[in-house]
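K.L.:
Listed in order, the protein sequences are those of chains L and V. For what it's worth, my numbering labels the leading residue of the first sequence as 1197, then goes sequentially. For what it's worth, my numbering labels the leading residue of the second sequence as 1197, then goes sequentially.
Any given hint could be a false lead.
For chains that are exact copies, the list does not tell them apart, and a pair is met inside one copy or across any two.
[Unchecked claim] Taking lysine to any residue and the SDA-like style, the derived pairs with C-alpha atoms no more than 25 Å apart in a straight line are:
hint, residue 1, residue 2
1, Lys1258, Gly1244
2, Lys1258, Asp1234
3, Lys1327, Gly1280
4, Lys1327, Gln1277
5, Lys1258, Val1211
6, Lys1327, Glu1297
7, Lys1258, Leu1324
8, Lys1258, Ala1308
9, Lys1258, His1214
10, Lys1327, Glu1317
11, Lys1327, Val1221
12, Lys1258, Met1206
13, Lys1327, Ile1245
14, Lys1258, Arg1210
15, Lys1327, Ala1301
16, Lys1258, Gln1305
17, Lys1258, Ala1301
18, Lys1327, Gly1240
19, Lys1327, Val1256
20, Lys1258, Pro1312
21, Lys1327, Gly1200
22, Lys1327, Tyr1295
23, Lys1258, Gly1240
24, Lys1327, Thr1220
25, Lys1258, Leu1208
26, Lys1327, Ala1222
27, Lys1258, Val1275
28, Lys1258, Arg1207
29, Lys1258, Glu1219
30, Lys1327, Val1215
Hints are computed from structural coordinates only; laboratory data are not their basis.
Number of protein chains: 2
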Amino acid sequence: MQRGPVATWMRLVRVFHHVEGRETVALRAHDLSLAQFDVIAQVGRDEGITQQVLADRLLVTKGNICQLLDRLADRGLLVRQPEGRANRIVLTPAGRAVYAEAVPAQEAQLAAIFSPLSTDEQAQLRALLRKLEHGLDVRD
Amino acid sequence: MQRGPVATWMRLVRVFHHVEGRETVALRAHDLSLAQFDVIAQVGRDEGITQQVLADRLLVTKGNICQLLDRLADRGLLVRQPEGRANRIVLTPAGRAVYAEAVPAQEAQLAAIFSPLSTDEQAQLRALLRKLEHGLDVRD
DNA sequence: CCGCCCCTGTTTACGCCTAAACTGAATGAG
DNA sequence: CTCATTCAGTTTAGGCGTAAACAGGGGCGG
């Protein structure tokens, strides 16, 4: 058997990988990658967001966002609206249609994935993760 | 506030991303990417493993493993030993040296990262993740 | 007004990762 | 024995992601 932290981390990796895989497969129904979905979901919830803020929210670099937006804009799902030195991102009608379909579908799938845990257990899991996250923030 | 499963998943994503980032930074001291470390660690623990089995263990495709091994072999950290139609992977002395340094360092870092949680809490987290993982396996 | 810095976005090189097509060796059915 | 299948490994196209260099508009001190 493995020592504690390593075992915990490996389990976290496996669960994460598995859930990510499920989400990815489900999103193929909407012709979206997980990264593209994240962009659509965030922009749909916060229209007019700038690229830098979007990058911060999704925990990726602005360079990455730029490429993702290129592809999504090519597909006509969103547009860049220059304003000052920033771009405001807004969904097109096509983009909003995808948003309206994909977001509820993804929420339903997450609910199904987490259904092995009771509401209490999910809250417990969130609490443990929050504690971990706080510890990480404080430490340097 | 967010509904349950989505909130849980977002927290999981943030924690995962954060830990991954820490590991990645720490591994720069050994000139290894996280993926490369995973290969070295697995091969070091299980010398003579084949590429396909390695791929299964690390949850990636054999095509990916092939590329990773190319780079690590170029750097002289491991070699492919053909046997039948498989390749047995073994570390070179240089590879074993990296293994001997990097693995304990990574274990120590994981222990530090998880230190905000008590031993009990870590066990609790593992239990919740295990339950989640089992549910995932059963469901289709 | 001018020059400087800063901030946003873009580009490029490179590694990770997948899916899918391909190579070739081992196996085994007829 | 021979042909087909199977299975490990390789290759390729393409998306994701980073770091680092670059472009240029805005704002500010002098």
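K.L.:
If a hint holds in the structure, say so; if it does not, say that too.
P.N.:
Verification of the supplied hints:
no.: 1; hint: Lys1258 to Gly1244; result: within (16 Å within a copy, 42 Å between copies)
no.: 2; hint: Lys1258 to Asp1234; result: within (14 Å within a copy, 28 Å between copies)
no.: 3; hint: Lys1327 to Gly1280; result: neither (40 Å within a copy, 50 Å between copies)
no.: 4; hint: Lys1327 to Gln1277; result: neither (39 Å within a copy, 46 Å between copies)
no.: 5; hint: Lys1258 to Val1211; result: between (28 Å within a copy, 21 Å between copies)
no.: 6; hint: Lys1327 to Glu1297; result: neither (34 Å within a copy, 30 Å between copies)
no.: 7; hint: Lys1258 to Leu1324; result: neither (30 Å within a copy, 35 Å between copies)
no.: 8; hint: Lys1258 to Ala1308; result: neither (33 Å within a copy, 30 Å between copies)
no.: 9; hint: Lys1258 to His1214; result: between (27 Å within a copy, 18 Å between copies)
no.: 10; hint: Lys1327 to Glu1317; result: both (15 Å within a copy, 10 Å between copies)
no.: 11; hint: Lys1327 to Val1221; result: between (31 Å within a copy, 22 Å between copies)
no.: 12; hint: Lys1258 to Met1206; result: between (30 Å within a copy, 20 Å between copies)
no.: 13; hint: Lys1327 to Ile1245; result: neither (29 Å within a copy, 38 Å between copies)
no.: 14; hint: Lys1258 to Arg1210; result: between (28 Å within a copy, 18 Å between copies)
no.: 15; hint: Lys1327 to Ala1301; result: between (30 Å within a copy, 24 Å between copies)
no.: 16; hint: Lys1258 to Gln1305; result: neither (29 Å within a copy, 29 Å between copies)
no.: 17; hint: Lys1258 to Ala1301; result: neither (28 Å within a copy, 31 Å between copies)
no.: 18; hint: Lys1327 to Gly1240; result: neither (30 Å within a copy, 33 Å between copies)
no.: 19; hint: Lys1327 to Val1256; result: within (23 Å within a copy, 30 Å between copies)
no.: 20; hint: Lys1258 to Pro1312; result: neither (37 Å within a copy, 31 Å between copies)
no.: 21; hint: Lys1327 to Gly1200; result: both (17 Å within a copy, 17 Å between copies)
no.: 22; hint: Lys1327 to Tyr1295; result: neither (32 Å within a copy, 31 Å between copies)
no.: 23; hint: Lys1258 to Gly1240; result: within (18 Å within a copy, 37 Å between copies)
no.: 24; hint: Lys1327 to Thr1220; result: between (28 Å within a copy, 22 Å between copies)
no.: 25; hint: Lys1258 to Leu1208; result: between (27 Å within a copy, 22 Å between copies)
no.: 26; hint: Lys1327 to Ala1222; result: between (31 Å within a copy, 22 Å between copies)
no.: 27; hint: Lys1258 to Val1275; result: within (16 Å within a copy, 38 Å between copies)
no.: 28; hint: Lys1258 to Arg1207; result: between (31 Å within a copy, 22 Å between copies)
no.: 29; hint: Lys1258 to Glu1219; result: both (24 Å within a copy, 22 Å between copies)
no.: 30; hint: Lys1327 to Val1215; result: both (22 Å within a copy, 13 Å between copies)
Hints 3, 4, 6, 7, 8, 13, 16, 17, 18, 20 and 22, counting from the list given before, are not met by this structure.
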